[in-house]
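> If you read the protein sequences in the order shown, they are chains A and B.
All the letters of the first sequence, read from the start, carry residue numbers 1 to 236 under our numbering.
All the letters of the second sequence, read from the start, carry residue numbers 1 to 115 under our numbering.
Incorrect hints may appear among the rest.
A few chain A residues facing chain B, derived, Cβ under 8 Å [stated by the list, open to error]: (1) Ala16; (2) Val130; (3) Glu164.
Calculated lysine-lysine pairs in the DSBU-like style (CA-CA distance at most 30 Å, straight line) [stated by the list, open to error]: (4) A:Lys23 - B:Lys28; (5) B:Lys50 - B:Lys28; (6) A:Lys174 - B:Lys95; (7) A:Lys223 - B:Lys105; (8) B:Lys105 - A:Lys121.
Calculated from the structure, these hints are not laboratory results.
Each residue gets a CB set at the ideal place from its N, CA and C atoms; glycine is no exception.
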Amino acid sequence: MREELYPQGLEVVTVALDTLGLKATLPFIEAANPTHPSLIDEGHLLDELFGFVNVPSGVWLDEQGMIVRPPEPAPTPRDARRSKVEVPRLIPEEAKTYIEEMTVEVKKMVEVGKIRNDSEKYFRAVRDWVSNGSNSRFALSPEEVLNRSRPRPVEEAVGAAHFELGQYLYRQGKTDLAVAHFREAHRLQPDNWTYRRQAWSMANVIQGPTDLYESDWLKDIRKSGAENYYPALDMD
Amino acid sequence: MILESLEITHSELKNRTGWDIKPQGACKGEVCIPLPSSVTTADGLIDLPKLAEKLNMPLIQDEAAGLWCLGPESGGKALTTAVAPDFELPDWQGKTFRLSSLLGKKVLLVVWASW
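Looking at chain A on its own, in the form it has when it is part of the complex (with noise of 0.2 Å):
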């Protein structure tokens, strides 16, 4: 999609919500062997500036820095999936069973189509916006951008204040200190998976079911049911 539509004026930029940085992502990058700026934020302060709750998610600026589509689910076209990269991982044997669940669970959810993938109509929308730039209905007015952007009620702030913290407190080995205020966000941004999946990951490597924290994907995904996971595209 980026070698098609780089000639005709677009950019992609690649961003990695990652609080392990390099270490973490460098495997997926280095197989997609990047020729558009793919960047890491190891703060997650995109998920800040923007509202980001989930991945993969996309925003679209125009050529003045204007943003035209604030974050939304931006699916992942159905050839570029990770699932052909062979990352090493380290499965504790007691996961497996979790692994089996949770394979079968989520083959079941696409099968039934609970959980979104509608790549193909977002990218025929990208194209749109491409060929059209702002005569493209689906390139928004800035009053439709920040009535679309996501509210931020002071709980929220003081959950991505908490998060924040619990990354700089996990990076410095402060564990259990970072856990305590991975929780809180939790609590203050029930519908942030990105907080949650980041979090969940650190503790167990398949996110898991822990002592650290009451929920795990599995369980989360079902209490809030698959079909809400993604937000369906507003791009009708």
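With the hints as your guide, set chain B onto chain A.
Chain B alone, transformed into the frame defined by chain A:
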């Protein structure tokens, strides 16, 4: 924004939060919020508790770690303006990238993660 002190420079604030202290107040994009003069200390630094109160930004403390954290502004939307924040991040080869380097092009900014 992680802090060991409650007084910071204007550039530290702008780099991390996007808020720029100008004569008319704290500004981000076309939004400017007037500030009392007491927000600036005699040394020209920003008094964070006073600024945080004016911008509705939480300022939380971890006493055990001896740290503070200034959270984002609240009470509105995550985006206070449609002007994209001009952030700076390293690329995977360690080179610094600034978003404004792509002015003049359309940009599709996509976030992902390994987890």
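> With the threshold set at 30 Å, check whether the alpha-carbon distance from Lys50 of chain B to Lys28 of chain B stays at or below it.
holds, 18 Å
> Hinted pair, alpha-carbon criterion (30 Å max): Lys223 of chain A, Lys105 of chain B. Please report holds or violated.
violated, 42 Å
> So if I understand the rule, the pair passes when the alpha-carbon distance is 30 Å or less; does Lys105 of chain B with Lys121 of chain A pass?
holds, 23 Å
> Next item in the hint list is Val130 of chain A. Is there a CB on chain B closer than 8 Å to its CB?
At about 6 Å, which falls below the 8 Å cut-off, the nearest Cβ of chain B leaves the hint on Val130 of chain A intact, so it holds.
> Minimum Cβ distance from Ala16 of chain A to chain B below 8 Å?
holds, 6 Å
> Given the hint that Lys174 of chain A pairs with Lys95 of chain B, does the C-alpha gap stay at or below 30 Å?
Within the cut-off at roughly 29 Å; holds.
> Holds or violated: is the Cβ of Glu164 of chain A closer than 8 Å to a Cβ in chain B?
With a closest approach of 5 Å, the Glu164 of chain A hint holds.
> Check whether the Cα positions of Lys23 of chain A and Lys28 of chain B lie no farther apart than 30 Å.
violated, 34 Å
Checked against the numbered hints above, the structure breaks hints 4 and 7 and satisfies the rest.
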